[in-house]
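K.L.:
Chain residues, written in single-letter form:
Protein chains: 2
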Amino acid sequence: MSYFDAASAAPLHPVARQALLASLDEGWADPSRLYREGRRARMLLDAAREATAEAVGCRPDELVFTPSGTRAVHTGVAGALAGRRRIGNHLIVSSVEHSSVLHSADMFEAGGGSVTQVPVLRTGAVTVESYEEALRPDTALACLQSANHEVGTEQPVAAVAEACRAAGVPLLVDAAQSLGWGPVEGGWSVLTGSAHKWGGPSGVGVLVVRKGVRFAAQGPVDERESGRAAGFENLPAIVAAAASLRAVRAEAAQEAERLRELTERIRARVPQLVPDVEVVGDPDRRLPGIVTFSCLYVDGEALLHALDQEGFSVSSGSSCTSSTLTPSHVLRAMGVLTEGNVRVSLPAGVAEEDVERFLSVLPRTVAGVREKLGAPAPTTVVRAEELVVDALGKRCPIPVIELAKVIGDVPVGGTVRVLSDDEAARLDIPAWCEMREQEYVGEEPADRGSAYVVRRLS
Amino acid sequence: MSYFDAASAAPLHPVARQALLASLDEGWADPSRLYREGRRARMLLDAAREATAEAVGCRPDELVFTPSGTRAVHTGVAGALAGRRRIGNHLIVSSVEHSSVLHSADMFEAGGGSVTQVPVLRTGAVTVESYEEALRPDTALACLQSANHEVGTEQPVAAVAEACRAAGVPLLVDAAQSLGWGPVEGGWSVLTGSAHKWGGPSGVGVLVVRKGVRFAAQGPVDERESGRAAGFENLPAIVAAAASLRAVRAEAAQEAERLRELTERIRARVPQLVPDVEVVGDPDRRLPGIVTFSCLYVDGEALLHALDQEGFSVSSGSSCTSSTLTPSHVLRAMGVLTEGNVRVSLPAGVAEEDVERFLSVLPRTVAGVREKLGAPAPTTVVRAEELVVDALGKRCPIPVIELAKVIGDVPVGGTVRVLSDDEAARLDIPAWCEMREQEYVGEEPADRGSAYVVRRLS
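So the sequences go chain by chain: A and B.
Counted from 1, the first sequence has number 160 at position 160 by UniProt numbering; the numbering is strictly sequential.
Counted from 1, the second sequence has number 190 at position 190 by UniProt numbering; the numbering is strictly sequential.
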């Protein structure tokens with residue numbers, strides 16, 4: 001079995017496992033107590049905080065441990081916004097943030113706040129200029145991830161932090177995907193992370209608030225973790241998280257180089273091995289272990305199952321693999337193909353032969369899924385210069401498959417109208433046109449769903 | 001070393017440790033993923049939920065895992081209040097709830113809600129009548145612990161639940177202290193618990209919301225745990241928590257009997273062995289492992305340190321052992337002595353000889369602390385019938401020590417005025433009078449602090 005979904009969760013690092021076992025014996029007591037077991041727990045907690053702060057690049061008293069990366073984001077965003085309530089009620093986020101940031105923004109908006117979503121380039125990166133444009137006198141907080149969790153693209157955090165600093169606005173950086181690789185550069189104000197992304201146990205996040213940043217923790221008062229993370233400290237897991245961060249950092253430079261070579265191999269060879277594939281994300285400014293691509297005419301869920309049967313665990317941003325039946329907001333914001341989407345995120349220590357086996361298995365797996373889906377013939381011919389494809393009630397990737405089947409049946413200059421009520425078609429038909437160098441004329445309202453009009457150029 | 005603070009945290013149960021180790025290997029992946037590791041994690045999570053629900057006495061889909069007992073309470077109180085916002089804005093809590101409940105109530109009050117704190121008897125128990133009196137047409141929620149964490153007194157939960165049901169008000173039960181001993185009886189609506197109180201790991205709480213109870217989770221949207229506990233599930237710890245709960249329940253009946261005998265021994269013998277001691281809490285309706293007493297003329301922190309040096313880890317509700325320098329709100333609400341307070345909470349499996357050794361060590365330990373504190377002479381004699389003791393600037397237990405030293409110096413019928421600016425004196429001087437059968441005349445304002453007037457009766 002090859003586990004290629006390290007961006008979701010990584011197996012426990014051996015060092016973390018050792019630390020966890022040791023601190024189960026030494027660190028179960030309440031660190032606020034005065035007796036022996038309590039003092040021992042306090043020492044372990046202090047040491048874990050110091051080690052983690054050193055790895056993050058902050059003072060120990062700026063860092064608290066939260067129950068997860070998501071809770072760190074929720075607390076960080078809410079606390080920073082509340083701390084600057086008197087300055088204003090405006091929040092800036094990128095359109096490709098983790099759902100924990102976007103849901104925090106939704107809640108802020110529902111409570112009367114105003115939110116600007118900064119768009120991204122087709123690579124998934126924001127530009128500094130777009131943050132500069134979004135900054136307003138009433139901006140209370142800006143958020144930007146260090147690197148994207150779905151496509152691996154690194155964001156220009158240091159430059160955006162500088163723009164925010166110039167405007168007197170704190171920047172919160174969700175560093176969940178990058179903290180295992182190194183500290184976040186630049187003058188950020190608030191930072192969040194998640195231990196189980198760096199080989200630590202689940203149940204531990206970190207929230208760093210720089211001295212001098214106005215911060216008002218929300219929720220009921222609680223004395224633990226400087227009042228910023230209520231509840232009994234999850235101590236053995238915190239100790240394991242700190243140990244793991246040190247361990248992965250010690251190996252980071254070497255392992256980054258190795259994984260970068262492996263993901264580069266996937267980036268280069270997948271388009272050679274599999275027809276009609278779009279590799280997405282920035283080819284250079286990216287995390288070492290993540291590579292994402294989308295396959296035309298493929299159902300993401302079917303592909304995941306087929307790869308699982310071949311022994312590969314990957315994730316997907318396709319609409320059919322989400323409970324909401326909408327494609328990943330990241331791929332949508334980038335404007336790239338969402339159907340047949342596969343994210344490969346390699347865990348540290350992955351074997352080269354597993355990657356090679358993946359590359360050898362992928363072509364026939366994709367071909368098998370495509371074959372099973374087949375492609376029904378167009379149902380109605382209106383006139384020679386225009387074909388209408390009725391794909392109503394059919395879900396991704398069927399509308400694009402039907403479009404592709406008939407585009408050769410109209411003369412160059414003729415059009416195909418695809419009728420579809422599937423949300424993904426709105427993204428994937430233009431993306432197909434871009435890949436196939438056909439003209440996407442536009443979307444028109446229809447009795448049910450929409451009509452997507454494509455002109456044959458070649 | 002004898003650890004007698006199980007009500008704070010219990011060492012990991014051997015069964016929990018085994019389950020944790022096994023699930024570190026099997027349960028680190030994201031249970032929402034479709035591939036092998038994800039499905040395995042999902043199965044472990046489902047099994048843990050079923051086992052825990054069975055032990056709690058609820059349906060699996062009524063129970064979610066939270067990052068701690070405190071978070072379960074915060075989420076439970078906020079969600080239940082928000083779910084009934086249209087019914088009213090009134091919350092009932094007992095005055096001896098855990099701080100997580102009281103702080104939730106504070107936040108609700110700060111946001112415009114109205115809170116009734118139900119008083120307790122000198123045993124620490126509420127009465128059903130006092131809850132009936134507190135219930136109003138606009139009551140959104142009532143909260144009552146199953147048993148008190150500081151004195152072990154069990155609350156009449158089933159009867160209060162019945163009163164709430166009759167009024168159409170949901171009852172939230174904080175069952176943190178009792179869940180390891182058995183399910184909570186009666187028709188409660190919401191229930192919370194904490195795994196590290198029953199020998200499970202830290203990092204796991206439970207929140208149960210009965211079907212049909214209106215509940216609106218607060219905070220940013222998150223799809224995990226039915227939207228009631230944001231963030232990646234702390235799966236290995238959840239599995240260990242469930243295993244531990246099953247294990248301690250299997251041993252509960254027998255162990256309860258054994259611990260009850262040991263705490264009964266402490267309750268009976270401490271007053272014989274140590275002069276001027278008040279054992280607090282209900283002598284019968286109480287948890288098996290908790291016994292709490294207060295020693296006159298003793299500094300709680302000094303006693304804790306002295307016991308720690310003798311190898312005993314206990315906690316205290318005395319003012320000098322808290323960071324806020326105020327005595328435990330529980331002891332205060334009960335109206336009992338707060339100085340020299342010791343809570344012994346025996347862990348399951350405690351050895352009888354450790355308890356015997358505690359009883360043999362306690363008398364000389366208390367005597368040693370009392371001797372070190374000494375007792376300064378009264379500083380001012382005003383007239384024969386009244387002595388004034390100036391204890392300004394002196395902290396618990398000095399004001400009571402000075403009072404006791406001079407009460408014999410006034411004739412029967414004469415009075416002693418104790419000048420004190422220590423918060424604990426307001427509680428401990430009346431408590432001393434009750435123990436010593438002297439008349440507590442009352443408190444009078446003074447230039448600094450207050451004057452506490454005591455009349456000698458015998």
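Simulated from the structure, these hints should not be mistaken for lab results.
Where hints are given, some of them may not hold.
If you want the ones that stay clear, here's a sample from chain B, every Cβ over 10 Å from chain A, calculated [said to hold, decoys possible]:
no.: 1; residue: Ala10
no.: 2; residue: Leu24
no.: 3; residue: Arg33
no.: 4; residue: Arg36
no.: 5; residue: Arg122
no.: 6; residue: Glu132
no.: 7; residue: Pro236
no.: 8; residue: Glu264
no.: 9; residue: Asp308
no.: 10; residue: Arg332
Covered stretches of chain B (in silico footprint by chain A; criterion: 3 or more residues with CB under 8 Å from a CB of chain A, positions within the stretch not fixed) [as the list claims (entries may be wrong)]:
no.: 11; region: 64 to 73
no.: 12; region: 135 to 142
no.: 13; region: 217 to 224
no.: 14; region: 390 to 403
no.: 15; region: 424 to 435
A partial selection of chain A residues facing chain B, derived with a Cβ cut-off under 7 Å [what the hints assert, rightly or not]:
no.: 16; residue: Trp28
no.: 17; residue: Glu37
no.: 18; residue: Gly203
All C-beta atoms, glycine included, are put in the ideal place defined by N, C-alpha and C.
K.L.:
What are the numbers of the hints that this structure violates, sorted from low to high?
P.N.:
When the structure is compared with the hints, numbers 1, 2, 3, 4, 7, 9, 12, 14, 15 turn out to be violated.
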